[in-house]
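From first to last, the protein sequence lines are chains A and B. Residue numbering for the first sequence is 1 to 919, as defined by my numbering. Residue numbering for the second sequence is 1001 to 1105, as defined by my numbering.
Don't read these hints as lab results, they were simulated from the structure. Where is the CB? At the ideal position from N, CA and C, for every residue including glycine. Fair warning: there could be bad hints in the mix.
Claimed, not checked - So the derived label-pair ranges between C-beta atoms look like this:
no.	chain 1	residue 1	chain 2	residue 2	range
1	A	A42	B	G1054	33 to 39 Å
2	B	S1032	A	A42	19 to 25 Å
3	A	A853	B	D1090	50 to 56 Å
4	A	W94	B	S1032	23 to 29 Å
5	A	S116	B	R1053	44 to 50 Å
6	A	V842	B	K1026	20 to 26 Å
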Amino acid sequence: MPEWRTDLRRRLAPLRLPAQREQEIVDELVDDLDDRYRERRASGASEAEAERLAREALDTNEVLRGAFARAERPGDLEPIVPGGGGRAVMGTIWQDVTYGFRALKRNWGVTAVAVSTLALGIGANSAIFGLLNAVTLRSLPVVHPESLTEIRIAERRNATGQFSGLRPNLTYPLWEKISAGQTSFSGVVSWGNTTVNLTAGGQARYVRNLWVSGTYFPVLGVTPELGRLFGPADDQRNCQTPGLVLSYPFWQREFAGDRQVVGKTLRVEGHVFEIIGVAPQSFFGMEVGRSFDLSLPVCAEQIIGGEQPLLPRPDAWWLAAMGRLKPGVSAEQAASELQGLSAGIFQTTLPTKYSPEDAKSYLEFKLSAFPSPSGVSGLRTRYENPLWILLGITGLVLVIACANLANLLLARASARAREMAVRLALGASRRRLVRQLLVESLLLSMVGALAGVAVAQAASRALVALLDAGRNIIFVNLQSDWRVLAFTAGLGVLTCLLFGLAPALRASRTAPGVVLKAAGRGLTADRSRFGTGRVLVATQVALSLVLIVGALLFVRTLRNLTTLDPGFRAEGVLSTQVDMQPLNLALAQRAEIHRRVLERVAAVPGVESAAEAMVVPVSGNGWNERVLLGTDLKPAGISDVNRVSEGFFNTFGMTILTGRDFTARDTTSSPRVAIVNEAFVREILQGDKPIGTTFAFQPGTGDPVLPFEIVGLVRDTKYRNLRETSGAIAYISEAQAASPEPYTILLTRSSVPPATLIGPITRALAEVSPAMIVDFDVLTEQIAQTLVLERLMATLAGFFGALAGLLSVIGLYGILSYMVARRRSEIGIRMALGADRRAVIVLIVREAARLLAIGLVIGAILAAGAARTAQSLLFGLEPSDPATFAAGVLALAMVAVLAAYLPARRAARLDPLVALRED
Amino acid sequence: MKKGSAELLILALVDTRARHGYDIAKLIEHRSGGTVRFNIPSLYPLLYRLEKRGWINGRWVERPGERRRRYYRLTAVGRRVLAEQRSGWDAFVAAINRIVGAERA
Chain A
1 MPEWRTDLRR
11 RLAPLRLPAQ
21 REQEIVDELV
31 DDLDDRYRER
41 RASGASEAEA
51 ERLAREALDT
61 NEVLRGAFAR
71 AERPGDLEPI
81 VPGGGGRAVM
91 GTIWQDVTYG
101 FRALKRNWGV
111 TAVAVSTLAL
121 GIGANSAIFG
131 LLNAVTLRSL
141 PVVHPESLTE
151 IRIAERRNAT
161 GQFSGLRPNL
171 TYPLWEKISA
181 GQTSFSGVVS
191 WGNTTVNLTA
201 GGQARYVRNL
211 WVSGTYFPVL
221 GVTPELGRLF
231 GPADDQRNCQ
241 TPGLVLSYPF
251 WQREFAGDRQ
261 VVGKTLRVEG
271 HVFEIIGVAP
281 QSFFGMEVGR
291 SFDLSLPVCA
301 EQIIGGEQPL
311 LPRPDAWWLA
321 AMGRLKPGVS
331 AEQAASELQG
341 LSAGIFQTTL
351 PTKYSPEDAK
361 SYLEFKLSAF
371 PSPSGVSGLR
381 TRYENPLWIL
391 LGITGLVLVI
401 ACANLANLLL
411 ARASARAREM
421 AVRLALGASR
431 RRLVRQLLVE
441 SLLLSMVGAL
451 AGVAVAQAAS
461 RALVALLDAG
471 RNIIFVNLQS
481 DWRVLAFTAG
491 LGVLTCLLFG
501 LAPALRASRT
511 APGVVLKAAG
521 RGLTADRSRF
531 GTGRVLVATQ
541 VALSLVLIVG
551 ALLFVRTLRN
561 LTTLDPGFRA
571 EGVLSTQVDM
581 QPLNLALAQR
591 AEIHRRVLER
601 VAAVPGVESA
611 AEAMVVPVSG
621 NGWNERVLLG
631 TDLKPAGISD
641 VNRVSEGFFN
651 TFGMTILTGR
661 DFTARDTTSS
671 PRVAIVNEAF
681 VREILQGDKP
691 IGTTFAFQPG
701 TGDPVLPFEI
711 VGLVRDTKYR
721 NLRETSGAIA
731 YISEAQAASP
741 EPYTILLTRS
751 SVPPATLIGP
761 ITRALAEVSP
771 AMIVDFDVLT
781 EQIAQTLVLE
791 RLMATLAGFF
801 GALAGLLSVI
811 GLYGILSYMV
821 ARRRSEIGIR
831 MALGADRRAV
841 IVLIVREAAR
851 LLAIGLVIGA
861 ILAAGAARTA
871 QSLLFGLEPS
881 DPATFAAGVL
891 ALAMVAVLAA
901 YLPARRAARL
911 DPLVALRED
Chain B
1001 MKKGSAELLI
1011 LALVDTRARH
1021 GYDIAKLIEH
1031 RSGGTVRFNI
1041 PSLYPLLYRL
1051 EKRGWINGRW
1061 VERPGERRRR
1071 YYRLTAVGRR
1081 VLAEQRSGWD
1091 AFVAAINRIV
1101 GAERA
């Protein structure tokens, strides 16, 4: 006989019973356990097995102790009723919880399915919500973000000049005037972004620089991690030796968090700067989605800006600004003050080179103030709508998953009908039973939500990795905050109600009298017993059709964009950016070095053709000009412009339709020539014969008009991005450039993979001059990066669409299998009365078809509405694209019929005799 | 709803003769066809509580050829309580049957 006493004494010890009483209880329980053990042995169990079964009767430590503690409490005369009305609500809830855990453990298969379904569903939702929260909802990590207000021109149309950085809202002269003139803000700050190069020559090493005004860190209330940050004294016009501030991640990465870093120097664009401090870990700047590596005061732009610094130029837009409102001043008051100041500010900063038209637009600009407690973000503008759509998608998937769980629990509720009936008969209240079942569901969803948090962590990292393509480093702070936690917990409770309420109410409606009768069910199953389940399945079908149609729309959009003919061949093209500024070349020497660089690269083995270009097609960059026609210089429209060398069209696989390519005979001393595309002929020349026609670009005030003669015609191509409709492009000759820039972009076509040329080209260029800085892009990769959002939507919508379809087909399969099981007797009778197998299959499949049809009709209506909200994300097809809808309906219908056929066949194989004997 | 039905089950079982704990547990499980089951942590505390109320009386009994065991028997008070609860239960079941039965007819 196993030794029970030690165990029992240990379990009872915390009660501190009188020794004699404890001895008595132990004696009695040992008898009980001995009996159980002996009985199991007698019925053939092994010793270990019998001991295990006997010990099972003790359940858990806590339960045993708790129950005895209640019984042994002096003067306690309360009756004990399993499931009876509670005396102390908390106590009975604890009972429900422990009972719930045991119930879940008993049905561990159901529990595992439910928990993993919920973990995935809740995890996906939390991941998307976490991203949405980080991108759109969370405030900036600065002091009092609520009083921050962005200062920019309210409606800036037709602004001209040079635009650089991520948020080119203002010029430096404008910033100076705003900063000096305003009185609504307790402080104003400005900032800008550039990439700067840290190497002295060879392959470039670019890092992200944040230009900041001297007021930036003090006004935002950012305190240094190490050393000091900039103050107003660091940012004076014509500053000579300003310091440099490192971002926390850059300090960690590059200096391994060295606390002695202050006082060391860093070479930026060839100039040496002393490190004065490190920004705190939480600070990423003002733009959600971006961060920086190092920071320089705005005045330093004049030092590293090369020969044409942006800072003094009244037409160089590179700064953004924010102000902190004075207490008691509203954003509206600030806005009206800025509007009042506008006329004077724009008058005094008017660029002298502007044409009359440009000047007119410039003088009409009005400054205004826009509350921005959560910072500003181009990322937000671009991703907010897609993220809401994704959240909608994952939300629907969760609803579908909950419907499956509800059906699963409904089925289990029927299996537990007898348990419920007995408990009701023994005096449990219905409310208590509903509560018990809801507690079980809540346990499920809480465990699911906890697992979901882990899933969300992994999923959101994967999401950011998907978004984070190449150069466009995206920085999103994914730390969970109260919003994400509240969202996840809320989802847990909501899902619990979604899948737990119906089974709970059903179970409590159990009529004990009916169920407790031995065979308490009729020969044909009650229709209403499947009612809820059928509604759930039809809903699932409807919702998954919405998701499948959405997925197909996004997938086809991506396909349309990737298979789109941009008008040129990007495959095999490598773009090499060459920065010659370190050579300090005089203007007269530049044309020569451009020529040598091109010649040298064209001679690299594997290079089939090479050319120069100002603008790489579909890179997002652009340059456009107003075109003037005829002797009276009539404005004829706006055309995109690119300056390219001989061989550009050959390199991009474009043929000259009529006329000729640029040649070596086109020089600065020969007449200026241009090649235009077909859209130029259509839109600017109104269909006139292009060859021989001359045009000019609108010159700046005081500049001469330079005429170009059209010598060639090429086909239309995409210019900035793949989504645009091809417009007019005028190509002018690189060799005829009056003042060549100290940098260039070389494009090479090769038969070998473009990336393999990076080494040979770097070496070839080092032979020309080792001080030149070079950087590379494989064109097809660069184009693919512009489709990040489309790829994200197609991948995720596709995945969730397939998942939704799968879940609802499982749901349909489940409800039909369950129906077949419950209607065995009915089917048996039908077969006994002469129904053949086909009739039985038709019976079941017809049921499935009805649910499917209702679901599909409702789903198609919902999908049509939902697709319209995603219209702006689609390309090359309408939201109501009939082929997409037909494909979605067909796909779902096909798998659904398959799912129905399996239980139907099982029903048809039923032996009527067996089926009838069983009940 | 009916409270104290579990007590009723136990009182009824020890009415005719004295029984030990495991015997009671087995009988309840057996007679309910396995749907009502008392494990150690639910049965014994209930027994102790009924004993404390004076409705049942537990005594260690040694019989020849058997081990010493604790047997429970109904007290006079217990008998009265049982009678009350039985009639209450009968009335309850009758009422339920009138309602449910009428619906089924």
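Here is how each hint holds up against the structure:
| no. | hint | in the structure |
| --- | --- | --- |
| 1 | A:A42 to B:G1054: 33 to 39 Å | holds (37 Å) |
| 2 | B:S1032 to A:A42: 19 to 25 Å | holds (22 Å) |
| 3 | A:A853 to B:D1090: 50 to 56 Å | holds (53 Å) |
| 4 | A:W94 to B:S1032: 23 to 29 Å | holds (26 Å) |
| 5 | A:S116 to B:R1053: 44 to 50 Å | holds (48 Å) |
| 6 | A:V842 to B:K1026: 20 to 26 Å | violated (51 Å) |
Consistency with the previously given hints fails for number 6 only.
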